[in-house]
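Chains A and B are the protein sequences, given in the same order. Under this note's numbering, think of the first position of the first sequence as 74, with each following residue one higher. Under this note's numbering, think of the first position of the second sequence as -13, with each following residue one higher.
Be aware that a few hints might be false.
Said to hold, decoys possible - Cross-link-like lysine-lysine pairs, in silico, DSSO-like; alpha carbons within 30 Å at most:
no., chain 1, residue 1, chain 2, residue 2
1, A, K226, A, K207
2, B, K2, B, K396
3, B, K396, B, K481
4, B, K563, A, K197
5, A, K226, B, K195
6, A, K224, B, K563
7, B, K195, B, K563
8, B, K481, B, K2
9, A, K197, A, K224
10, A, K224, A, K207
11, B, K118, A, K226
12, B, K298, B, K563
13, B, K563, B, K838
14, B, K291, B, K622
15, B, K195, B, K118
16, A, K197, A, K207
17, B, K118, A, K207
18, A, K224, B, K195
19, B, K291, B, K563
20, B, K2, B, K838
21, B, K118, A, K197
To be verified - Residues on chain B that point at chain A, a partial pick, calculated with CB under 8 Å:
no., residue
22, V91
23, N164
24, Y201
25, F670
26, R700
27, G830
Rather than coming from a laboratory, the hints here were simulated on the basis of the structure. Ideal Cβ positions, reconstructed from N, Cα and C, are used throughout, including at glycine.
Each chain, written out:
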Amino acid sequence: MLSSIRTLWYTFLHLFHHSETVQYPEQMPYLAPRYRGRIVLSRDPDGEERCVSCYLCAVACPVDCISLQKTEEDGRWYPEWFRINFSRCIFCGFCEEACPTYAIQLTPDFEMSEYERENLIYEKEDLLISGTGKYPDYSFYRVSGLAIPGKGKGEAERERPPIDTRALLP
Amino acid sequence: MAIIHIDDREFTANPKDNLLQACLSNGFDLPYFCWHPALGSVGACRQCAVRQFANPEDTTGRIVMACMTPATDGTRISIADPEAVSFRASVIEWLMTNHPHDCPVCEEGGECHLQDMTVMTGHAYRRYRFSKRTHRNQYLGPFVKHEMNRCIACYRCVRFYRDYAGGADLDVYAARNNVYFGRAEDGVLENEFSGNLVEVCPTGVFTDKTLSAAYNRKWDMRSAPSVCVHCGVGCNTSVNERGGQVRRILNRYNGAVNGYFLCDRGRFGYGFANRPDRVRTPVLRDPGGSMRTATRTEALDALTKTLGTGGKIIGIGSPRASLEANFALRRLVGADGFHAGVSAREARCLATAIEILQAGAVPTPTLREMEAADVVLVLGEDVADTAPRVALALRQAARGRSMEIADRLKIAHWQDAAVRDAAQGARSPLFVASVAATRLDDIAARTCRAAPCDIARLGFAIRHRIDANAPSVEDLPEAMQALAGEIADALLAAKRPLIVSGCGLGDEAVLRAAAGIAQALNGADRLPGIVLAVPECNSMGLALMQGGSVEDAIDTVTEGATVIVLENDLYRRAERKRVDALFDAAANVIVLDHVSTATVARADIVLPSANFAECDGTLVSGEGRAQRSFQAVFPKDDVQASWMWLRDIAGTSEWHRLDDVVRSLASAMTQFVAIGEATPPGDFRIAGSRIRSEPHRYSGRTAVDADRTVHEPRASVPEESPFSSTMEGYYGQMPASLIPFFWAPAWNSIQSLNKFQDEVGGALRGGDPGVRLFEPNGAAAPRPDATAPGQFVRGPGQWFVVPRRPIFGGEELSALAPAVAERIAAPSLALNPADARSLDVENGGMIDIDFKSGSYRLAVTVAPELPSGVAMLSVGLPGMDWCALPGWGTPRRAEPAP
């Protein structure tokens, strides 16, 4: 009995509290840069695709909503196609954590409502942005040992020139 | 059995093993790199350190390399010892200092032994902050990709390639941190076992180039146990599938057959299954003669109409189709109407081979038993081309003498470097009698080049030397006499002599000679073996059905008959004009196939049949071992197994699943009674579950088809199969014939295999897959009075042309794979230099050669070792017409085109 009265009393007091209603969408809420919203694929500082099609995002995804296919051009790995089924995505961010190249990033955008589920299937051209996203400086191929056009063997960061296997020097 | 103590617990071990093998066999996780069960130990990587104690009182002990320490009785070691643990972590850290930051762009990632071992030792953060050494890569041909930066210098590649497979063009260069494993210069890896480098290399230096072209990680591919369809040896493989395509073939360990290694034809020949021009839909010929694709119903209606008219039906089976498919055809057309789809000469050779193996007294060994042979005679078969995996086994057999020397010096067999140092390349006698040079010559004690009938004569002479009651060979040249004596003496001195021959030359006398030698050797305390190589994956199974040949079908065809051709290109089996005559005479030609062939182009009705990866089926290898392969690819169109098409044509309804066919086959033909035992039946379940064919982290399930439909399509469920087509199901200890892929916790690479063996390097747990259909019963020993054929006499202006089926191109299906196609040499006629001079042609010059069946224009290769009067023609190559070989041909210098 006493508890019921106390509950009614607390509820009554809420009439005099400050209202928390936000006038969305006229009034946009602040979302931190690390908010986990719509997924994008970023580019490296040279403007090339960061995604190297390593499949780690796909395997990390708990709802299996990422699928891609690797292809290769002049030694550089790309996704031939890259598809995210946002109607399945739970925005857990595991893909971003798994990504070794900072290619896949979650952005502070959640406004993705659609009437048709088909419209929530994002292909590579829908996902790819023109910038570097949250990590402006990183370029995977500058540290990787693969040779790509413009960067031969031994030209990555912290690499010595290639060995001359015919040299007799110690 | 030795008792060893690991971390104060007692375990049994084989005293012939080393401690690493003992630890792995007892289920421990002990990291290693340079040791390989088939290659032995060299102690190069220092990774498998454990602490060994002298006795129970010893608490100090010392760090030893497990792979270099024998598992003697009473050994006490500790794997968990803190110093051993930190030693192993430090070694990995050193190995990783120069390792590039490549895992995301490395084909090995996710199934990498180096990754597994790094995680196992706990080395998680790089402390090394200095620069890394780098290497330039090489082009190594269409099969293998090279990325030298990733090398950890374990030496496995050169030890496999040079020491195990006998290759010469891969070597190690430079010294210390700079060592480089590659060729002297860019170029195709010549050895036909180069593909094994992909599995032997513990990191991503050597990767599968054909997989890289359409790459997926190991965890993303459905896998099913399969059997190689590219020769008659019956190597076990795993087929990996993604997106409806075969992505790669992996070796599937079978302790009795292929062990750890496959040949390149088997590993890279799968490309035919993905060809855009393959048959995927039924095709009907309109009355006007043009072909159009049709639906399944249309095709079946057309078939009913065709077969409803009555008339004779002739069925032609195929040595590359499964037993079930051939049986279904045989049942549809009746035993009289069924013809084995091989040439008459091949049918005769196969029948002889079966007679020798089934009714003789000498058993045919498994590949593992072949490796234990102490004297080998290869009589007239170039096994490196026709049964490459057998050639690799013979290479190991030749090392037997080295092992005897090691035994004498009390050196364990796994002490690889020590055995090689002590033996100084000593080899057991291996004799090669062939028409031309073979790729086994480098390990042969003596080689002999002769025409097929002279090879047979040599065989009969050897037999006469062994068994004086056997008829002697008249007029044998002195050199041959001496050689026969030498070989006979070596064979008589052997404990386990092995005679290797086969159908490659198409000469029954050679087969009979081989059988005669084996027969003569039988008895006393010798255990002889005889190996007869057969040309195709199910040649043996088809021959056991006893269906004659294509020629018989051509002879019996009558005007207005219906011809049903099962997965066979008749233009590869008989003369073009005779096959044309068959098709012209037939009122209806029905062809079931999965690849587009010249025969498919002549068909009135084409039915898309499933290839080896798209259906379950049983194949019988040359050894007589029936093995089942399982479906990995689930086609979305009208493709279905040939036996299902044939069932639908016949309208029989009692066959619902493969097991029904297997049961009918076993009851209809006594020779196949045992095939049901090859693998558990389709309703096999473990704890109520099917075995999953996709790894537990198969990805992209809800996105991969989302561009077509957002409603995830139902997974195709195979009717009655021990496998589920998805990641749902059981994965653990399963029957050896049903292991879809090798994976174990903490072991993502192929090295996880040691968790599936009773003893490392031994049989798979539960017994190696497959069942032998026959053992020799000795009922009809080869005719003791069989006499040798006459001496080879060269014809005037004629050459005796013998066939050669090159490893790349000599087999129909693999030749259609783009990677293998790159390795196919242009067809050529090999001639002895004197013969070439007499025809006034040089190496590379063109020549016309006339056979009874037609003439060819070919380039000439001068082969100094060829006997005079004998020419060798590479056959079976794409675009080449069939011709009756061996046979006489008249060559003449080609007149230059005007």
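Agreement of hint R700 (chain B) with chain A interface, Cβ distance less than 8 Å: R700 (chain B) check fails; min Cβ-Cβ to chain A is 15 Å, beyond 8 Å.
30 Å limit on alpha-carbon distance, applied to hinted pair K2 (chain B) and K396 (chain B): holds, 11 Å
Hinted pair K563 (chain B) and K197 (chain A), Cα distance within 30 Å: This hinted pair is violated, its Cα atoms lying about 55 Å apart.
Hinted pair K118 (chain B) and K207 (chain A), Cα distance within 30 Å: Holds, because 29 Å separates the two Cα atoms, which is no more than 30 Å.
Pairwise hint evaluation, K563 (chain B) against K298 (chain B), where the allowed Cα distance is 30 Å at most: Given pair K298 (chain B), K563 (chain B) holds - Cα atoms ~22 Å apart, limit 30 Å.
Interface hint outcome for V91 (chain B) [beta carbon to chain A under 8 Å]: holds, 5 Å
Status of the hint placing F670 (chain B) at chain A (closest C-beta pair under 8 Å): violated, 28 Å
Straight-line alpha-carbon gap K291 (chain B) to K563 (chain B), limit 30 Å: holds, 29 Å
Satisfaction of hint between K838 (chain B) and K2 (chain B), Cα-Cα up to 30 Å: violated, 60 Å
Agreement of hint G830 (chain B) with chain A interface, Cβ distance less than 8 Å: violated, 32 Å
Hint status (Cβ of N164 (chain B) to nearest Cβ of chain A, threshold 8 Å): holds, 5 Å
Given hint K197 (chain A) paired with K118 (chain B) - CA-CA distance at most 30 Å: violated, 35 Å
Comparing the model with each earlier hint shows violations of hints 4, 6, 7, 20, 21, 25, 26, 27; every other hint is respected.
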